[in-house]
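These protein sequences, in sequence, are chains A and B. If you read the first sequence in this note's numbering, its first letter stands for residue 749, the second for the next number, and so on. If you read the second sequence in this note's numbering, its first letter stands for residue 749, the second for the next number, and so on.
Where hints are given, some of them may not hold.
The list cannot tell twin chains apart, which means a pair is met if one copy fits it or any two copies do.
Using 30 Å as the maximum straight-line C-alpha spacing, the simulated DSS-like pairs for lysine-lysine come out as follows [stated by the list, open to error]:
{"no.": "1", "residue 1": "Lys754", "residue 2": "Lys770"}
{"no.": "2", "residue 1": "Lys770", "residue 2": "Lys813"}
{"no.": "3", "residue 1": "Lys948", "residue 2": "Lys770"}
{"no.": "4", "residue 1": "Lys750", "residue 2": "Lys770"}
{"no.": "5", "residue 1": "Lys770", "residue 2": "Lys967"}
{"no.": "6", "residue 1": "Lys948", "residue 2": "Lys750"}
Calculated from the structure, these hints are not laboratory results. From a predicted model like this one, the values you see are computed outputs, not experimental measurements.
Number of protein chains: 2
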Amino acid sequence: MKVLHKLHEIYAPLDFARREGKSIGLVPTMGALHQGHYSLVDESVAQCDLTVATIFVNPSQFGPKEDLSRYPRPLDQDLAGLAKAGTDYVFVPESTDIYPNGHSTWVEPPAVANPLEGEFRPGHYRGVATIVLKLFNLIPATVAYFGMKDYQQLLVIRRMVEDLNIPIRIQPCATIRETDGLAMSSRNRYLSPEDREKAKCLSRALQHVEELTNSGEGKIDFLESEMHRILEQAGATHVDYARIVDAETLESLSRFTTPSVALIAARIGNTRLIDNRVFWVMQ
Amino acid sequence: MKVLHKLHEIYAPLDFARREGKSIGLVPTMGALHQGHYSLVDESVAQCDLTVATIFVNPSQFGPKEDLSRYPRPLDQDLAGLAKAGTDYVFVPESTDIYPNGHSTWVEPPAVANPLEGEFRPGHYRGVATIVLKLFNLIPATVAYFGMKDYQQLLVIRRMVEDLNIPIRIQPCATIRETDGLAMSSRNRYLSPEDREKAKCLSRALQHVEELTNSGEGKIDFLESEMHRILEQAGATHVDYARIVDAETLESLSRFTTPSVALIAARIGNTRLIDNRVFWVMQ
């Protein structure tokens, strides 16, 4: 496994491989890798001739009061895990190379970036869209893997790729969960043992909505209030949102249809967690 | 020469050519081609294995009161000229394919887009940067040719390419002029015979500044007022700006240094014309 740090090092060998007709899978990450990330790497290794992972804690997607400085950076452990998973290249750029002095071009993300996370993390998807486009330009991959856990991010990137005609395929991958249902996240390590117990409430609330809809419940207001009830009863410190919206546009629904998606962002202690569930059920 | 209209038609043959190691030159245009455009094509044909021209009157770079609807579209004449010049591919997409329903991702252009044209044509460079990025993604070119006549555009694109790590080389090409000095422009055909005569004042004002600086004049205020004087005496209907600024950043200069650039935007009759001159002279 080759670990590259400089921007000019990464393009040429991969462009050469691509010219030889090799497929290249890209797994962009912020490090602090867990089984969710490794499931993306596994999928790429299974499908592509070469797999490239990137590790970059992207400052431009963090708000001024967010956890940029304390975001975990266990680089050696991540590199060991990636090597074991069969990764061919790991790109670990420096922030000063990604955002040099005078950098001032940004991606204005598509409309699907505006609700939900867009309201609670203004500027977040502008930072995400910009770094992802930069990585797509630095690394001539044929396919890029993104987890469904960051559902809105996946929609933002898919729409950006379509709108900007970027020649890459976006492959969504299923959310990986702990045995008790908690979606895997680099931020789970912030949770105290007590908060870790409480954190199950996100997946439980989504599970409850699924059960209600399976038994015929179709009132959005009621379903959303049920999610709030479960989150609050479990001791969530704050619920940013618990919504059921159109699975493609994330726009509000007047009644439950399919495909729709339930999305939650809630603070457990000081840790902000997100989760979601897509509904393909027929009413 | 192949003329392609559909977005999915253009990428594959050029990607194939590139895999074979061929260099591909791109000349993006809005049609209504003149010797300025053909000089870009000539340069590409001389330097590259394949030359691709695009013709697309990009609606998103026109303001609501600008000349989008009456912008000249002599397609047959353009195609004949491009064939004669040795162009290999011409890409003529439809507006509804470039901006389909729901398109909502844009490039927020770099800081160098803000002054001058940025003040008088708000949103112009957002439209330019977005369409140019889209064309760079649709057409896997190795080098793209842009005329120095649109000097600020060239800086915007160069900075965008750097900031977004786009794997393409930007080649600036000298402004081509009529024998009396008027910079060639698709908009020159709007000029009445009387206005055509007046239009010489832009290049004359720039020439005058060059002569003054060659003879040691270094006061920016004075040089700018001289440009205004020449433009107004010649009968320019309105001078949007006549500035001397840093040639890289387009920021104001307190005194004449090098490299700097003099830029003019002025209305002659109803036609808005621009021109510029870069100064490499030593003070």
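Right, here's what the structure says about each hint:
| no. | hint | in the structure |
| --- | --- | --- |
| 1 | Lys754 / Lys770 | both (23 Å within a copy, 26 Å between copies) |
| 2 | Lys770 / Lys813 | neither (43 Å within a copy, 49 Å between copies) |
| 3 | Lys948 / Lys770 | neither (42 Å within a copy, 56 Å between copies) |
| 4 | Lys750 / Lys770 | both (17 Å within a copy, 28 Å between copies) |
| 5 | Lys770 / Lys967 | neither (49 Å within a copy, 59 Å between copies) |
| 6 | Lys948 / Lys750 | neither (38 Å within a copy, 59 Å between copies) |
When each numbered hint is compared with the structure, violations occur for hints 2, 3, 5 and 6.
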